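Asks: Residue-level listing of the chains:
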Amino acid sequence: MLIYTLKRVLLALLVALTVSILTFGLLHLSSDPAVALAGEDATEEDIQLVRVQYGFDKPLPVQYMTWLTNALQGDLGTSYYFGIPVSTLLAQRLPVTLTLGSCALIYAILFAVPLGVLAAMRPNTWLDRFCLSLAVSAQAMPSFWFGLMLIVVFCLWFPLLPVSGSDTWKHFIMPTIVLGTNAMPAIMRLTRTGMMDVLATDYIRTARAKGLRPNTVLLKHALRNAVIPVIAVIGIQAGYMMGGTVIIETIFALNGMGLLAYESIMYFDLACMEAVVLLLCLVFITTTFVADILNAWLDPRIRIR
Amino acid sequence: MTVLLEVENLTVDIPLAAGDLHAVRGVDFTIKKGETLGIVGESGCGKSITSFAIMGLLPQSAIRKAQRLAFSGQELADLTQEQLSDIRGNKMSMIFQEPMTSLNPSYTIGEQLIETLLRHRKVNRKKAVERAVFLLEKVGITAASSRLKQYPHQLSGGLRQRVMIAMGLMCGPDLIIADEPTTALDVTIQAQILSLLAEIQNEFQMGQILITHDLGVIASVAHRVAVMYAGQFVEIGSVTEIFEAPMHPYTQGLLACIPIPGKTKRGSFLGSIPGKVPTLIGDQTGCSFANRCTYAKEACLLKDVDMVSLGPGHSYRCVLSSEICHQNAREAACT
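Line by line, the protein sequences are chains G and D.
For the first sequence, counting from 1, position 21 maps to 21 in this note's numbering; every step adds exactly one.
In this note's numbering, each residue's number is its place in the second sequence (first place is 1) plus 305.
In case anyone wonders, no lab produced these hints; they're calculated from the structure.
Nothing here was measured: the structure is a model prediction, and the numbers come from that model.
Check before you lean on any hint, since a few could be wrong.
Here are some of the chain D residues that sit facing chain G, going by a computed Cβ distance under 8 Å [said to hold, decoys possible]:
1. L362
2. S390
3. D391
4. E420
5. R430
30 Å max Cα-Cα, derived BS3-like pairs, lysine-lysine [as the list claims (entries may be wrong)]:
6. D:K454 x D:K396
7. D:K454 x G:K7
8. D:K431 x G:K220
9. D:K443 x G:K220
10. D:K396 x D:K427
11. D:K396 x G:K220
12. D:K427 x G:K220
13. G:K220 x D:K432
14. D:K337 x D:K443
15. D:K608 x D:K370
Simulated DEER-style distance windows between Cβ atoms [as the list claims (entries may be wrong)]:
16. D:T590 x G:L132: 40 to 48 Å
17. G:R8 x D:S450: 26 to 34 Å
18. G:T193 x D:N596: 54 to 62 Å
19. D:P320 x G:L10: 21 to 29 Å
20. G:V136 x D:Q365: 20 to 28 Å
21. D:A322 x G:L26: 53 to 61 Å
22. D:Q386 x G:V136: 32 to 40 Å
23. D:I586 x G:T193: 27 to 35 Å
24. D:N429 x G:T193: 48 to 56 Å
25. G:N124 x D:E347: 48 to 56 Å
26. G:N124 x D:T590: 32 to 40 Å
Don't be surprised by glycine CBs; every beta carbon is placed ideally from N, CA and C.
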């Protein structure tokens, strides 16, 4: 298990490094940052001045090394647009997104996994059909529409929840439901399929033949094997949820990573863009890493060869 | 000797889109303590379904009926699921065909062995582990205590089947059902597993149902033999009776298929019974073997054939009289 974990950590670091090189290179090559920074009325001399001042005249590898060294020390540069250090900016935005993401993830898992299990236990009954229609509607609903409908119901018709902002836990209820509902169908259907496959296996018959109680068979012997493929998918979905979504953050005026990414691209805020992309990538790497480790813990065939 | 298991007119129907599949159509037998009943028959004749019906492990859609299905005098149909699960793995356990897939890949051998005992007995983990080690050694697994920490995928098929046998023995059952325990194993391992089963059965004086399609196996380990065809027993009797005086044309046919060293000529075709097993979907009357039987007459198809008793323990399901059956057997032996 230790060797497996170390291997995964090493792999994750390599991926992070590769992504940082790629983003840095692509962003610097896509257009001349000095031109964008100097503004529309800038003369050729102004642009040259900016170029030297910000170090854009140096070769790209040198610029990257400088950026990397600073980044590793926590200095991600200063946002050209917001005029404050990028790290300060991230410290404001990231907690909002992480709170929303984890709430949505927990909500999605808490609903989707039990429903998937129930549907698998009674396939082709009204319960299964109900879960299926739930999954299809959740999948089909665009999140901007669902979000607006929630606002109509819970803010206009029944004024129970605040419309926008991120001040109290109440502000997070609706965004959590919208974001989580989006992720539920895949988790639910995959749990159902996994569970049905496992319930038909010989080792479940063995467990029943041993006289184990139905709950032991279901929770100890079946669920553990059934969730293994589900966890990999949850890992990827968690990445999306923790990375922030522009649409949901816009609707509920949550100042999170999604909005920051959008703004930094709009204003070609190079330092900010680089930091956002790198952070999103780190979030993704972390969630898939956690999923890998969880799976290895659950399935000895992964951890012991 | 005490009667362990009584089965009277057991039927299992499985509803399918094409109609009801009559998988088991009226099976009767009893098993006493210390006795091994071998059930032989072709694939799909209902052997496994019969054992699942006894264990209460049939698929949910299957319908089980029986005049009597009693274990140690207790009618199994009267029990709740909870009471039934108290018996399963405890007084009555089962070894399956597929050792490769019958163990949970996520738990160690040890965990899977001891959970049976912890479920049925008030013992602590330490005692349960001791019992597991004892039984693993009993079934011929070396370095048993270190094996407990291994996962199924780290063991070979033969070892896994030994683990399955040990698992079946954890609670010291009165009855053990072995459903083709050697089918998935190498021939060399097959013999080891079978002699192990026979040895353990003898040592613990358990009742045993040994399901197989291998007559050679039956001859060496069973006390009594039931020949199953198309969901029915067509003949049941002691090993000697079945092998030396087979009555039913199907039993005779099966025995004729076994090549005998010295007698079967090199290069000649091995024996076989022409035709194929009838479908068990939908209702049918008459002898189900009639379409493959050399002696079949019109009368065979007119009405269902009942078991004919030839004295204690030996009965067969055929319209032919015992004299004619004997005659047929002798003639078949000459050719």
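Asks: Tell me, in ascending order, the numbers of any earlier hints that this structure violates.
Replies: Per hint list: 5, 18, 19, 24, 25 violated.
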